[in-house]
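Novice: Chains as they are written, first to last, in the working numbering: chain A, 52 to 421; chain B, 26 to 172; chain C, 717 to 1047; chain D, 16 to 186.
Worth flagging that the hints you see were computed from the coordinates, not collected in a lab.
Incorrect hints may appear among the rest.
Calculated Cβ distances over 12 Å to all of chain B for the following chain A residues [what the hints assert, rightly or not]:
(1) G86
(2) G143
(3) G202
Going by beta-carbon spacing under 8 Å, a handful of chain C positions derived as facing chain B [as the list claims (entries may be wrong)]:
(4) K757
(5) R764
(6) W1009
(7) Y1029
We put the beta carbon where it would ideally sit given N, CA and C, even for glycine.
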Amino acid sequence: MTTMAEKGEHRYILNMGPQHPSTHGVLRVILEMEGEYVMDPQPVLGYGHRMHEKMAESRPWPNFLPNAARMDYLSALIYNHGYVGVVERLAGIEATPRAEYIRVITSELNRLQSHLLWLGVLVLDLGAFTPIMYTFEDREKILDILEDVTGSRLTYCYMRVGGVVRDIDDKFVERTREYISWQRSRMPMYDKLVTGNIIFRKRIEKIGEFNPDMARRYGLTGPVLRGTGIPYDIRRAEPYSVYPEFDFEIPTETTGDCMAAYLVRVREIEQSLRILEQALDKLPAGPAMAKVPKKLKLPAGDACYAVESPRGELVYHLTGDGSDTPYRMKIRVPSFSNLSLLPELCRGMLLSDLCACMGSLDLVIPEIDR
Amino acid sequence: MKDYFALIFTGGKSLIVGMMITLRELFRPVVTVQYPREKLPLSPNYRGHTILIRDEEKPEKHRCISCKMCERECPSNCIDLAGEKREGVKGMVLIKYRLDFTKCSLCGTCVEVCPPNALDFSKVYQHVGFSREDFHYDLLAMVEEDK
Amino acid sequence: MSTVMNTGFLPLELLRIIFALICAIVIVFGNAVVMGYLERKLAGRFQRRPGPMEVGWHGILQLAVDGVKLVGKQLIIPKQTDRVLYRLAPIISFAPAIMPMVVIPFAPKLQGRDFDIGLIFILAVVAINVLAILIAGWSSNNKYSLLGAMRSVAQNVAYEIPMLLTLLSVILVTGTFSLRGIVEAQSGGAWFIFFMPVAFLIFFAATLAETNRAPFDLPEAESELTAGFMTEFSGMGFSLFFMAEYTYMFIACSLTVILFLGGWSGPPLPYGEYTSALWFFAKVYALLLTMIWIRWTFPRVRFDQLLNFCWKYLVPFSLVHLLVTAVVLKL
Amino acid sequence: MESKDSVIAAFKKIPVKVEEVDFAQRGYHLEIRLESSQLRAFAELLRTGNFYLSYVSGLHLTTGIDVSYQFANYGFPCRLLAHVSADADNSLPTIADIFQGANWHERETKDFYGVIFRNHPNLKPLLLAEDMEDLKPLLKKEQALKDRAAITRVEKIAEDKPAPAVKKEDA
C-alpha cells in the first residue's frame, strides 16, 4: 500500500469545491487520492477575494467600517472591534468605559453565535442533521438581541471610533440575562446528544492530530491551538478593551485532535457566558460615545491591534501618514494560517476525516480570501 | 475483552440517550413560523434602506436641506442627491434623492452625519426586482407619495 | 401467453400473479409517497420545524407535487457517461424492488404466491440493487459517484453475512424458508423477538446498512460525496432511485416483521384473513418510523468503522447466536 | 527565551537593531530592522523560542518594498514586528522552510507586491487568479508614494500629549 503510494501509482485527482457541501463556502481543495485515502490535499483560495486591504488604502478610514463586517461574517462585531481598536490606538483616542463594556458584551454574544453555528455545522459535516437546528434555535435568540441594538442580524456595523452607535438599554440587559440562563439549560442536552454520542466520538477522536510544534511552525491560533495544550488567548495574553476586568478561564485540552478542538469550543461557550454575566453586572453608567473630532486624521505612524476572534488571532496593522486615508492596512486573519496546515495535517487521511478536520478548523472562507 | 463489551454497553447507551432527546423534541411545539403567512415582529431598530423622514412640526415636509453630507460620507457612493435654489424659499430645495440600494451596506453613516436628522432607516426588508435599476430608490418620491 | 389467450381464459394462478403484481406496484408507489411524506414531516418535527405545510392540509399533497415535478424535469445525461448503462441503472434498481412484494404474506389470504424458498427469493432479488448502484456509479463517469458505488458494494457484501447468519437462526427453529411457514411458526404471540432479541437487533442493524440508511448512508454521504452514486441523476432517474430506496426499506422491514415480529399476527379482527394485514402494516411502519428516527438523530459512521462494526461485532455475535440456537434446539 | 529581555539579549547575537516600543500606543512590543541577509538567521533564532509567525506583509515606499514580519509568542506577551527592505532585484530569502506558515503569507505578498521569495517551494498566485500575476494590486502610484519618515510616528508629541491628531483638529 505504502510502496504503491510512494510510487504515486493508482492515484487520481478529486476536485472538492468550490461548491461542495462541506467546504463551507467557496473553498476549493484539490485532493490527490488513492482509493479513499487523501494523499495530498492542496487548498485553492481566492474565489471570494475582494482585496479589502486595497479598499482600506483607497478611501478615508471611516469608510472601511462596513468592510470590517464583511470578512468574517460570523464574527462581524469582533472584526468591528478590531478595526475601531486599531484606529483608536493609532489616533490616541479612548472610548468611554461604558462603550468598552458594550463592545465586550456584543463581541461575546457574537462569539457565542459563531460557536453555536460551528457546533451545528461540524455535526452536520459528520452527517447528523438535527443538532444544527437546535443550535440555530439558540443562535436565533442571540441574533434577535443583537438585531435590537445594532439593527442588523449578520453584517453588523455597530462600533465607531470612540464608542458604539447605539447605547444598550435595560431591555437588552434583561434579554441577555434570559439568554444566558437559557443557553446554560441547553448545554446538557448537547452533551448528551452530541458529545456523548459514540459515533460522533469515534469520528473525531484521534483525527487530525495537531501538536504544539506544528502550531508554532504554521502560526496556529484559536481553539484548535488551545486543543494542543497551549493556553494562548489574546484576551489573556495581550488583554485589550476591558477583558482584564473579567474572571474567566482559558479552556485547554492536551490531545490536540479534533475532539480536543471540539471540547475547547464547547467549554468556551460557558466562559463567554461567564464574561457576559460579569460584564452585565459591572456595566458602568455614562455615555456610550466619546467626543471624537468630526474630521479625524490618522497620524503618521503605525499600530497593531490584536483581538481574539472565534477562530483565533485577528490582527489589524494600520499605517497612517497624516491624512485621513490609511497608507497601509494589513489584516491578519486566523483561518488563513489555520488552513495552511491542511496539507500537512490531512496527508494519508480518509476523505471522511478530511471533512471532519475542516469542520473542526471552523473555516470561514470570505475571511481567508478577504 | 472487558473493553469490548464495555464499549458495546456504553456505546449502545449513548445511542439510546441521543434517541430519547430527539424523541422528546419531536413532541415539543415547533419554533419556526410559516414565513409569508405568519411574520415575526420586527425590531424597532431594524435597519432597512434609508428614507427621508417628515418634519414633526410640518408633517407635509421632509427635513432635507440638500447639504450633501450623506453623499460625501457614504462609503459605497450609493447616494445621488441634488438641490436647487428657488425664489422665495430659504436654503436649498431638494429636487433629487436617489439611493442605489444594490451598493448600500446599511452602515448608517448617512443617518449619523445628517445635520437636520432628515434620514432614518425604514422597516422594509422584502426587496424584489427584476433588474438592478429596480433597487435604485427615489427617496424623494417615496416621501412625497407617503403623504 | 398467446396460447393462453387463444383458449379463451387465463389460468387462475397466472391471473393471481398478475393481480398481485399490480397490487405490488400500488404498494410500491403508495409506500414511496407515504414514506416520503413521513420522512420529511418527521424530520421537520424532530428539528422543531413544521415540515411541509403548503400543498394540501399540512402539506399532505407535497409528494404528489414533487412527483409531478420530477417527472416533468429534463433528463440530463451528461457527456462522457456510458449512455446505455446510465439509463439502465435506475431501472435495474427499481424493477427488482417490486418482485419481493409478490411473496410477502401481508395476511393469511393476502399473498401473491407462497414459495417454499420465499426468503431466499427475496434476498436474491434484493441483492440486485447493489449491481444497480455499481452501474450507476460507474456509468456516471464521476469520481464521487464511483466512490459512492464502491462504498455501497463493500458495505452490502459485508452486511449480507451477519444478516444471513441471523436468518439461519430463525430457519433452524422454523425448518422452512417459506415466509408463510415462518409467520405461522410464531402464531399465538410466540414472536421470535422474545426468544432471540439479539438476533433481532443484529438483523435490524444489518438491514439499516443494506438499505443504505443513516447512520450507514455512506454511498450517498452528502457532506463527503455530495450525493454519492446519485450525483449525476436528475428527474425520473433520481426519483426511481428514491422510490427504490424506500421500497427496499419497506421490504427489509417486512422481512424483520415476518421473521421476528410475528408477521400479521395480532389481536383478532373481523374478516381476519384479510384485515390482519393491518397488523402487518402497523408493525412495518413502526419499524420504518424507527429508521427515520435513527436517521435524524445520529451522525454517519466512517467507512472503516462501518466494516469494523460488521466484522468485529455483528458477525461474531451472530455466529455465537447461531451456535447457541443450534445447541438449544438439539437439547 | 523566557521573557522579553532575554529575547532582546538573544538578538544581540545576530546582531539586529531592536527597539522597545510602547505597547499601549503601538500594539506590539519590539520593532526590529533587519538586513535581508539577516532574515533567515533571525527566523531560525525565533524558531528556537516559543514564537509563531503571525503574518508577512508588505509596504510600498519610495525606497522600494519593505516587507514586515510579525511574530508573537505563545508563552509571554512579546509581539515583534521586523522590517526588511527587499533587495535591489525585489527579492528576499524565503523563511517558508523555517516557519511553514510563511508559505502562504509569502505567496500572498508576492501576489500583492511582486516580491520574489528566493527558494520558495511554490510561488504561484494564491489569492489572485493564475493569470493576474502582473497585477500587483497593492503597489502605489508614484505620486502617492511616501518615504519612511512620513509614516513614522513623531514620538515627542505623543509623550506629553496623548492625542496629537485630536489636538490638531480642535485648534
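Novice: Take the hints in turn and mark each one as holding or not.
Specialist: Here is what the structure says about each hint:
No Cβ of chain B comes within 12 Å of the Cβ of A:G86; the nearest lies about 27 Å off, and the non-interface call holds. Non-interface status of A:G143 relative to chain B is upheld: no Cβ of that chain comes within 12 Å, the nearest being about 22 Å off. Interface exclusion of A:G202 from chain B breaks down, the closest Cβ pair being 4 Å apart, not more than 12 Å. A least Cβ separation of about 11 Å between C:K757 and chain B goes past the 8 Å threshold, and the interface hint is therefore violated.
A least Cβ separation of about 5 Å between C:R764 and chain B falls short of the 8 Å threshold, and the interface hint therefore holds. Given the 8 Å rule on beta carbons, the hint for C:W1009 holds: about 6 Å separates it from the nearest Cβ of chain B. Satisfaction of the interface hint for C:Y1029 is found here, the shortest Cβ-Cβ separation to chain B being roughly 7 Å, below the 8 Å cut-off.
Checked against the numbered hints above, the structure breaks hints 3 and 4 and satisfies the rest.
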